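Sequence lines, in order, name chains U, G and L.
Numbered according to our numbering, the first sequence spans residues 601 to 922.
Numbered according to our numbering, the second sequence spans residues 269 to 523.
Numbered according to our numbering, the third sequence spans residues 5 to 305.
No wet-lab data here; the hints were simulated from the structure.
Do not take every clue at face value.
[Claimed, not checked] Taking beta-carbon pairs under 8 Å as the criterion, some of the chain U residues facing chain L (in silico):
{"id": "1", "residue": "611"}
{"id": "2", "residue": "701"}
{"id": "3", "residue": "879"}
On a predicted model such as this, the values are computed, not experimentally measured, just so you know.
Backbone N, C-alpha and C define an ideal beta-carbon position, used for all residues, glycine too.
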Amino acid sequence: MDAVLTPLLDILRPIGITEPVLQFMLVNAILGVSIYLTLHAGMFSLASAGFMAIGAYVGALLTQQSDWPLWAALLGGMAAAGVIAVPIGLPTLRLRDIYLAIATIGFGEVVRVLILNFDDIAASVLTTLQGERVRFRLIEGARGIKGIPTLTETWHLILFLIVLGYLLTRLHRSRFGRAMAAIRQDETVAANMGINVVYVKNMVFILSAVLAGAAGVFSAHLTRIITPAAFGFDKAVDILAFAVLGGTSTWIGPIVGAMVLTAMPEVLRFLKEFRGVFNGLVLLVVIVYLPGGLVNPAGWSRLWQRLGRAQTASPSPSTGVD
Amino acid sequence: MLELNGISQSFGGLKALSDVTLSVPEQRIVGLIGPNGAGKTTLINIISGLSHPTSGSITFAGEHLHRTAPHHITRLGIARTYQNIRLFGDMTALQNLIIAQHARGHASLLDAVVFAPRYRREERDLYQHAEMLLERFGLSGVAQIAAGNLPYGDQRRLEIARALATRPKLLLLDEPTAGMNPAETRALGEQILRLREDGIAILVIEHDMSLIHQVCDEVYVLNFGQIISHGTPNEIKADPAVIEAYLGSDDDASA
Amino acid sequence: MDTLIQQGINAISLGAIYSLFALGYAMVFSILGVLNLAHSAIFMLGAFFGLIAIDQWSLPLWLAFPIAMLGAGLVSVGLELVAFRPLRRRNAARISQLISSIGAAILIVNITQLIFRQIYNSTEAYLPRDLIPSDPIVIESLGLRVQPVRMLIVVIALVLMVLLQYLVNRVRIGQHMRAVAFNQRIAALFGINVSRIFIFTFFLAGVLGGAAGMFYGVVFLNVTPFIGEDVALIGLTAIVLGGMGSIPGAVLGGFLVAGLQIFSIVIGGSSFRNAVVFLLLFIILLIRPQGLLGQPESTRA
Ligand SMILES: Nc1ncnc2c1ncn2[C@@H]1O[C@H](COP(=O)(O)OP(=O)(O)OP(=O)(O)O)[C@@H](O)[C@H]1O
Ligand SMILES: [Mg+2]
Chain U
601 MDAVLTPLLD
611 ILRPIGITEP
621 VLQFMLVNAI
631 LGVSIYLTLH
641 AGMFSLASAG
651 FMAIGAYVGA
661 LLTQQSDWPL
671 WAALLGGMAA
681 AGVIAVPIGL
691 PTLRLRDIYL
701 AIATIGFGEV
711 VRVLILNFDD
721 IAASVLTTLQ
731 GERVRFRLIE
741 GARGIKGIPT
751 LTETWHLILF
761 LIVLGYLLTR
771 LHRSRFGRAM
781 AAIRQDETVA
791 ANMGINVVYV
801 KNMVFILSAV
811 LAGAAGVFSA
821 HLTRIITPAA
831 FGFDKAVDIL
841 AFAVLGGTST
851 WIGPIVGAMV
861 LTAMPEVLRF
871 LKEFRGVFNG
881 LVLLVVIVYL
891 PGGLVNPAGW
901 SRLWQRLGRA
911 QTASPSPSTG
921 VD
Chain G
269 MLELNGISQS
279 FGGLKALSDV
289 TLSVPEQRIV
299 GLIGPNGAGK
309 TTLINIISGL
319 SHPTSGSITF
329 AGEHLHRTAP
339 HHITRLGIAR
349 TYQNIRLFGD
359 MTALQNLIIA
369 QHARGHASLL
379 DAVVFAPRYR
389 REERDLYQHA
399 EMLLERFGLS
409 GVAQIAAGNL
419 PYGDQRRLEI
429 ARALATRPKL
439 LLLDEPTAGM
449 NPAETRALGE
459 QILRLREDGI
469 AILVIEHDMS
479 LIHQVCDEVY
489 VLNFGQIISH
499 GTPNEIKADP
509 AVIEAYLGSD
519 DDASA
Chain L
5 MDTLIQQGIN
15 AISLGAIYSL
25 FALGYAMVFS
35 ILGVLNLAHS
45 AIFMLGAFFG
55 LIAIDQWSLP
65 LWLAFPIAML
75 GAGLVSVGLE
85 LVAFRPLRRR
95 NAARISQLIS
105 SIGAAILIVN
115 ITQLIFRQIY
125 NSTEAYLPRD
135 LIPSDPIVIE
145 SLGLRVQPVR
155 MLIVVIALVL
165 MVLLQYLVNR
175 VRIGQHMRAV
185 AFNQRIAALF
195 GINVSRIFIF
205 TFFLAGVLGG
215 AAGMFYGVVF
225 LNVTPFIGED
235 VALIGLTAIV
245 LGGMGSIPGA
255 VLGGFLVAGL
265 QIFSIVIGGS
275 SFRNAVVFLL
285 LFIILLIRPQ
295 GLLGQPESTR
305 A
C-alpha cells in the first residue's frame, strides 16, 4: 500500500494536500456516500451527523476503555449507529421532504444534547437506583473525550472506500437499488409496482447510518479528541454540501463533492479566512446554476449551452444596445 | 375474481363513493363510466390500496383485502395504470419494465454483490420478459429512451406494458385512451381484447364510448359516487337514468 | 408562587420574541410553500443592525429599532431575489430551495462575522447597560418585580402582531397575499402581481424577524453573529407545533415553546431546556405533523 501512497502524497503535497488532509477528505467521502444513499431513495435526511457522533463515541469508548482493536471498534460503532437507526427510522420515514428534514435536524440536536448531559443523566439514574450519591464520568459532556489513540491509517480509508465503491456499483444493478431509484421518482407508483416502500426506506436509512457510524469511528481515531459540538447542525449542513456540490445522479458525485470541498481551503490558502463565506457561496451557486452538481454531464452541457448562447447573443449587432 | 361490496368513501364532508357494489369476473372486460368527478379514479385507488374505504369490503381471488398495503395487492395480482401518466420519467422504457417486475424477483443485494447464479438467471429472465413486452406494444425501438421523452401515445402504451410486467391477474385501466386519436384508440382496443385471451380480467374506466362498445362485456355507470346502472354496453346506452346523468351533468363526454 | 408568576412573565416576554420570529417563517411558508432557513440569519442581522446603530452611530433606541427592522427587511428581500426566485423560475423542488436558503444563511452569518472582526476585533459585542433603565417596576399588590425591558418588548410585539393581523385582513395587499397563499395561479389570473406579493412577504417576514432579533439583543445585551442559531430550531419547533404556515399557529407555538423552556429550566436545570424543545419537535412531527392549528396535507394519488 505504501508503494502507492508515498508517490501519491508526493504529488499532492505541493498543492497543499498533506496526509492528514487526505485522511479527512476520505472520511468525508464516506459521509458523502452516507447522505447519498438516503437522497438516492428520495429521502431528505440530515441525520448523518448524529449517526456519525454515535459511531465516534461508541468507537472511541471501545478502543480507549475496552482496548478493542480498530476493526472491532469499527464494527461496534457501525452496529450501534445501525441499531439506533431502526427506532428512529420507523416513525420518521413516514414524513416527507421538509417535514423529514426538520425531524432529522431535531434528531441530530437530541443526540447532541444527550451526549452533553449523558454523564449527569447516568449519575442521577444510578443515584436513584442505588439510593446514594453516585459520581459518574464517562464521556465528559462538552469537554469531550480526549486522548483517543490514533489508529486510523490512510490505507484503511482507501480500502474501505474501494470496497464501498464496488458495493455501490453492484447496488445499482440489484433489485434493491432499482427499488430505491423508483421510490425517489414516485413513491406511490413504486408501491403499485410491488415495492415495499417502508421496508426499502428503512433499510436505506439503516445503511446510511451504518456508513456515518463508520466515518465517525475513523474520524475519532484521527482527531484524538471528540466533542459533541463537532457533530451538530453545522456538520449536518457540511455533509449536505458534499452531496449538493458533487451531485447525486451517481455515487461518484458526493465522493468528489466531499473531497473537493474538504481540500479547497488547503489548496487555496487565501480561502482559509473566508472558509465559511465560501461554503455558503458554494451551496447557493451550485444549487442555483448547476443543479445536478459537479458530476453531472447533462447539467454541464446545459450550462455550457446557456453560456454559449449568452456569448453569441451579446456581441450580435442586431441588439443595437451599446 | 374481484368483488366490491358496499364500498363507501368520504373525504371530509364530501361523499365520493356510496355503497358501491361491483364485481369483475375472471377473463372478463368490465367497463366503468360516469361523468367527471363521479368517483371512478377514487374507486381504482381503493382497489389498488392507495386509499382505504370508509366502509365496505373487497375480496380478490378469495382473499379479503382489508387495509392491505399497495405492494401486497400488486403481489396478489392486481396492476393499474394512471389517468395522468405516471411513468418513471428519468428512466428508460426498458428500466420502467424491469422495475415493475420487482416482486417477481428474489435475488438479494448479497446475491448481486457476489454474482450468484440465482441473481444472473433472474436478471436474464427480467430482461427477456421486458423485451417481450416492449415488442408486443411496439416499443422495441424506443427501449433506451427516457420514458419522459417519449411521444404521448408511446407513454400510454408503456404504462400498460409496465402494469403487465407485474404479471397481474386483474388489470385496472384509468382512461387508457385519453388523448389518443380514433385509429390509436381502435388499436389499443385490439390489444385489450388480446389481454383477455391471455386470461387477464380487466376493469377499464373510459369516456370514449366506441372503445367501451369495442371491448366491454359489461358496464357499470357511476354518478355522484353511486352505481346507477349495470348491463351490457347496449343496455346501458338505452337506460334513461344514464342519459339523464350525462345530460343533466353538463358533461360534454360522448355518451 | 411568587417565582411561578415571575417565571410566567419571563416566559411571556421570551414567547413574544419567539412568536415574532416564527411569524416570519410561517408567512413565507404559507405564501410560497418553502421553508426559509436563512430567516435565523435575518434575526441575527436585526440584532446586528441595532447594535451598529446604537453603538457605532450613537443613535437613540427609538431610532435604532426601526433601522434594524428596515435593514433586516431589505436583506430578506435580497434573499428572495437571490436564493428563491431563480429556483422557482426553474420549478426546482422545495428541497432545493431549502438548500439554497441554508447556503444563504451560512453566507450571511460568515460575512457578518468578518465585519464583526473588523469593527470589534472579536465575534462578540455588548450593548450599553444603561440602554433601558434597569430598575425593576415593582407591583406591590402582587409582589412582582418586572424589568421594564420585558414590558416594553411584550407591548411592542403585541402592537406589531395586531398591525400584521390588520394588514392581512383589512388592507388590500394583505388580501392579495391571502389569495396568493390560497392559489398562485388563480391569483395571477385575477391580475394580482404575484412576484410583488412574494417580495412584500419576504419584506414583512424580515421586518418581524429583525424586530425579534433586536429584542433578543436588547434583553441579553450581548450580540454575536451566531445568535440566530440559538433560535433557528426554536422557531422551527414553534411553527411545526402551531401548524406550518398558520399565522395564529406561529404565535401560539412561540409562546408554548417559551413556556416549555422556562418550565423545564425550573424543573430540571438549564441544560435540558433545548433537549425538551427538540423532543417536543420530534414528537409533534410524528403524531400530528399538521400541528395544533394546521390542516392535514392531503395525500392524493
Ligand atoms: N384525496 C382526496 N381528497 C379530497 N377529495 C378527493 C380526493 N380524491 C378525490 N376527491 C374528490 O372525489 C370526487 C371524485 O373524484 P374522482 O377523481 O374519483 O373522479 P373521476 O370519476 O375519476 O373523475 P374524472 O372523470 O374527472 O377523472 C371529486 O369530487 C374529487 O374532488
Ligand atoms: Mg378520474
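Here is how each hint holds up against the structure:
no. : hint : result
1   : 611  : 32 Å, violated
2   : 701  : 6 Å, holds
3   : 879  : 6 Å, holds
When each numbered hint is compared with the structure, a violation occurs for hint 1 only.
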